[in-house]
Amino acid sequence: MALLIGTIGEFVPKMESWSAYVERLEQFFEASDIGAEKHVPTLISCMGPTTYGLLRNLVQPDVPKGKTYKDIVDVLRKHLEPKPLIIAERFRFNRCSQKADETVTSYAAELKQCAVHCEFGASLDEALRDRLVSGIRNEACQRRLLSEANLTFARAFELALNMETAEKDAHQLRKQDSHGEPVHKVEARSFNSTERKCYRCNGKNHSSETCHFKDSACHACGKTGHIQRACKGGVNKRRQESYGKNTRYVEAEETEFPMWTLKSDKGCKQAFRTSFTVDGKEIDMDIDTGAAQTEQLPVIVAKGSRPALCGRNWLKKITLDWKEIKHISEMHQPKSIEEVLELHSEVFKDELGTLRGITAKILVNPDISPKFCKSRPLPFAMKARVDAELDRLEKAGIISPVKHSEWAAPVVPVVKKDNSIRLCGDYKITVNQATTTETYPLPRIEELMSTLSGGKLFSKLDLASAYQQVLLEEDSKKLLTVNTHRGLFVYNRLAFGVSSAPAIFQRIMENLMKDLDVVVYLDDLLITGKTEQDHLQKLQAVLQRLQESGLRVKKAKCEFGKKQIEYLGHVLNSQGIHPSPGKVKAIKEAPAPSCVKELRAFLGLVNYYGRFVPNQSTVLAPLYRLLKDQVEWEWKRPEQGAFDKCKELLISDKVLVHYDPDLPLTLACDSSAYGIGAVIQHEMPSGKKRPIAYASRTLAPAEKKYSQIEKEGLSLIFGVKKFHQYLWGRKFKLVTDHKPLLTLFGEHKSLPTMAAARIQRWAIILSAYDYSIEYCASEKHSNADGLSRVPLPDTGEARTSRTDNVLSKVLRYVMTGWPNDVDQSLKAFHTRKCELSVERGCVLWGTRVVLPEKLRKTVLKQLHSGHQGVFKMKALARKYVWWPKIDSDVEQICKVCESFQMEQRMPRQVPLHPWEFPGQSWRRLHIDFAGPFLGHTFMIVVDAYSKWLEVFRMPSLTSQATITRLRRLFAAYGLPEHVVTDNGTQFTSEEFKNFMRQNGILHSTSAPGHPASNGLAERYVQTFKSGMKKLGQTTMDIEDKISVFLMQNRCTPNCTTGQSPADLFLNRHMRTRLDLIVPDSAVTVRKKQYMQKFYHDQRAVNRSFTLDDPVYLQNTAGGREKWIPGVIAEQTGPVSYKVQGTDSDGTYRRQGDQLRARVPTDDLDLNTDCTTTGPDVIQDDNPAQNAKPVQMDNAEMQAVPQTLRRSARERKPPERYEP
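Heads up, the sequence shown is in the UniProt record's numbering, so the first residue is 1 and it goes up one at a time.
Since the hints were derived computationally from the structure, they do not count as laboratory data. Positions of the beta carbon are idealized from the N, C-alpha and C atoms, including for glycine.
20 Å max Cα-Cα, derived PhoX-like pairs, lysine-lysine: (1) K514 <-> K538; (2) K885 <-> K857; (3) K395 <-> K78; (4) K562 <-> K456; (5) K460 <-> K530.
Label-pair restraints from in silico Cβ distances: (6) N994 <-> T1084: 46 to 52 Å; (7) F91 <-> R143: 24 to 30 Å; (8) S1026 <-> G1146: 42 to 48 Å; (9) S1026 <-> L1076: 24 to 30 Å; (10) L876 <-> N805: 25 to 31 Å; (11) K554 <-> K168: 47 to 53 Å.
Input sequences plus hints: build the corresponding full structure.
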């Protein structure tokens, strides 16, 4: 056995954490060389009874010893140390400051403890450094730390510790070397007749050093150290002193407080004053500086905690380098963009940033009820990647699991180009319908011009994952709950797809950058400068603000120090703002039409904007000539000239208008068999639409195989992405000539579950925009239609297979569009037209292939190859294939499969058919066997009417033994009409059948293997077993237990009949020991006895005997003989006798019912045939019907006193032990 080193006490939660206890325990295992197999017993033995009781409750129904050591530790850690809220932990960390008497070492340790659950990750050292510098009390130490370049936490701690130690040592030295002169008088002198106010709060009766608002932040300027009512840079006016027209103002914070002067014999000298030249102006200043040498001089002591002032006559004793003091040095300025970027490298880190001090709040209409949507089915192939993305988002603090939420949007996984997963909530059907969309003005082109005018160099910054860098308020988190296959998660940060997110983000960014020379347009920041140095200073200021705010920038999308930059669809340079050449490329590079169809498309585009083209009919006359029926197609110089002239007019300023944020925006998109096009345009006050820019492109070979609805959807996505900078963050209108898109992409429509994957991705992309979608007929949609049919050049074609009669039509309709009326065979496809697509010539419903009819049987056989059940076959089929009535086909193939049917489970139960109620007792009996039980087998007999129960211990289970018990039972209560049993061999034998037939009893057996048909007997078998088990703790033998059980069962009211079995079967109340507690029971009993005697004597026969009468007495000792001959020897009671046996010398005591008159053998006819099956019946000359009731007076009704039986054992007194 290993030697134990030390001991481990019980776990006490108030004294240490569970993690600390586990660490000590594991060191105990290591030191004492305790193997892994004994970790669990040792832990259970050491943790103490309280913790062990908690553990037992946590692992129910399992037991602790069956768990591994890791499982036990994890279960208790999860309960005792739940995962804290990161936001709250970081709040406590940021509020942690050094206390008055706290050392630097203690403060650093406290900071590390507070950062344990903050999950700073790689930025832990920076967070500790920032909090140490911000929270340290010593201002001199704080200034020293701020002046240190490339400061780390270790370096900051070292400097702070050294300065603290030096200060303590210096204080000890001053105490030892100090000596003072006697001071005769301390005279109070006020510097002002009026009491001065605290500059931190404008309050009185305290100094600024003891002000409660010393660490408060101002809501006007955002700085720390004062509050808004005392702010000099915000609402309050600044104190200024005028020195003329061109005077520069110098602000000074004046703190006025009572002063005390220590008198000495030396008078105060005149102030030392000198002149400085600042910004071309001379300013006289009093010199006030610190001292590096000790002199015995008058000291001005400030009341409170402020340091003493060193100035004026002290300067005479101090030697200073006045040239150095008078010198004004220039601050260090960065000389290159690389230096600026290196100085602010933290802004470009890949980790997700977090905006400090500002949270987003989503406003909802309180009259709208919350909407909860269930999670959508997740493809099995994506489950692992979705789980990984959920884990990543949860670890990053972007989402958190919750157990309940009133709001829930279904989550939609989108596969990105790198095969990773992006999870987005479909908020357009939940919170977007209830959100009060914030309106915040976006910058106008004119404003950009005024801000950027005169700029020579330009830089553009793009924030990384802009929305997710903004934390949400607690009340807003529940609104962005998403429902996944793993449950509910809330977003802790502003999520993609919320309609009010752009306005919220624009407001936050403008407030953040309002005092800097920067143009803010959502997540894009534009900086310019008149000179290189001016540009660098502004760029550095913006990056510094971003760094202080905790935001991150995606460097790959940024541009720095460019002479020309494209921003919001315009080219910016030193000359001004210009249209982007790319926005008119689609029309400028469009090829000449090669046929009448392409010419019609181009002319449709021209005619749509024809009102802005001067002399349209003249310019287009050569082109219209080619549209005539009898004109042969010839494209020559006149046609080419008209075509070029028309393009020139279309891209001129007369047609293309500048983007105006105040005018409504419309994006019209369309597609053709080989191209897609989009036009972004303004709706002018006159109601006319003027184009801002055009865009079109040909379809890729794979895109040409898209269904028509997918091509139309692709045109919308193409237009939105192309004109993203115009559309994002503002309301606009989408126009399409394909009506099904209104269902798929409607701003308040839920995306169909079976929509194609690319449709789902596109819906998520559109959910980030604030748009409405409307339908426009094709004849009124020629502006975008022309661009789609006259696309930029490209090559490639694709062919599809059309072999099935039905699918060929479906394929054609999916590619070209569905008619309003279709054949009956196409109804199933028509209802799913918005969810059908084409991939490689195959029709798809969602991700399932639609099979032609000739392939369905083959696929059905493949699905049924494993002979799985109907539900599993349907689940497997729903992953891969679909056709109309596929569920019926799956069910049919299972029905005709013989091997499948042979292995089927039991069908659902048929409706219950109860036995008919007998109407009277002992008419129908239910019989069954119980056992082997308690070493015996018992026969259970139950009366269907009264529920009277009989139990017999059976010596064997043969038919003869069963019949014997039933003969005695029938002899006691009569023959029933109907007996119900199971199919046991003792009941199905010919012997038992003959017994039933001879006694005229109908015998029914339950169906084989269906005991419920004899349910009454089966139920009482269980009741009997349960009752006997409960009596198992007593010392009674088996027969006594049966008697007790039967007694209780027969006198207890039955839940079905509402009466006890004895009441219904015997028509009387069974007397029990409980009757002894009933008041006046004696009278009731005497009455019951009288009535019992009265009714009994009506069918009884008077039977009396005298001495020496020959009789037969009943053999109660058992044996083959039932009756024993004897002679009456003595009458011991009214109906009791002593009988002397004739064949023995024994004397027997019998009751009159146990005696029969014996006729001497000589008087009998021995040849008489007796076939009675039951016991002999003695006929008396006085029949029962002639008997009269016995008249009994009250005295006779009194109970006959019974002779007490005493034991004949001789009693002797005990012999006591006497020492």
